[in-house]
Amino acid sequence: QHRVGVSGLFGYRYYVDMQHNHAVQASDHYMTIVRNIATSQNEEESVDLNNKLVNEFSDTPYAAMSSMVLARTEYMKGNREAAAAQLELAVKHATDDIIRHQASFQLAGIYIETGQHDAAEKLLQAEHDSAYEAKYAELRGDLYAARGDADKARAEYDRAIELQGQAVSRWLR
Numbered sequence: 336q337h338r339v340g341v342s343g344l345f346g347y348r349y350y351v352d353m354q355h356n357h358a359v360q361a362s363d364h365y366m367t368i369v370r371n372i373a374t375s376q377n378e379e380e381s382v383d384l385n386n387k388l389v390n391e392f393s394d395t396p397y398a399a400m401s402s403m404v405l406a407r408t409e410y411m412k413g414n415r416e417a418a419a420a421q422l423e424l425a426v427k428h429a430t431d432d433i434i435r436h437q438a439s440f441q442l443a444g445i446y447i448e449t450g451q452h453d454a455a456e457k458l459l460q461a462e463h464d465s466a467y468e469a470k471y472a473e474l475r476g477d478l479y480a481a482r483g484d485a486d487k488a489r490a491e492y493d494r495a496i497e498l499q500g501q502a503v504s505r506w507l508r
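Counting from 336, one number per residue, gives the positions in the sequence shown under this note's numbering.
Bear in mind the hints are in silico, worked out from the structure with no lab data behind them. Everything numeric in this text was worked out from a predicted model, so none of it was measured. Cβ atoms here follow ideal geometry from the backbone N, Cα and C, with glycine treated the same way. Hints may be right or wrong, so weigh each one.
[To be verified] What follows is a set of in silico ranges between Cβ atoms, one per label pair, in the way DEER data are often shown: (1) E462 / Q376: 33 to 43 Å; (2) Q360 / K427: 16 to 26 Å; (3) G413 / D363: 26 to 36 Å; (4) D363 / D432: 18 to 28 Å; (5) Q501 / N390: 37 to 47 Å; (6) N390 / N414: 16 to 26 Å; (7) S504 / T430: 26 to 36 Å; (8) Q501 / H463: 19 to 29 Å; (9) T449 / V359: 35 to 45 Å.
The whole structure should be built from the sequences, with the hints applied where relevant.
As C-alpha cells, then:
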C-alpha cells in the first residue's frame, strides 16, 4: 500500500508539472505574438504561433487571447473577414466567460458592420450571464438600427442605458 501511495503522489506531481509546463509554453507563444504585433514584425510567425495555440493549447486562455490580438490587427488593416474568422476562433476556444463575451461583442460588431445581420442576431441571442446583458442590449440596438428598425433599436438602447445606470457612456445616451 505504501508503494501505491508514493507512486500516486509522484504521478500527481508529474501531472501538475506537465500542466504547468504546458501553460508556460502557451504563455511564451502568446507573448511572442504580442511582441511581434507591437513591433510590426514577423507576421507569418505570429500566424503560425496562433495556429499552434489553437491546435495544441486550446485548453489555455492563450489560444483565444491570441486570436483576439490577431483579429484586432486584421481589423485595423481593413480585413473584416479575417478579423471575424479570428474572433470566431476566440469564441470557440475561450476558456472563460470574460474572454468569450469580449470576443462575441467584437464579432457581433463586425457582423453588423458587414451586413451579416442574421449571424449577429444568432450570436446576440446566445445564452449569457445577466452581468453582460447591458452590452448585449446595446449591440441588439445596433443590429436593429442597421436593419432600419428604429423603434426596436431605441427600446434596446433604453434597456442598455437602464442596466448601465451611472456607468452609461455619453455616446449611448
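Quiz prompt | Unmet hints by their number, sorted upward, for this structure | solution = none
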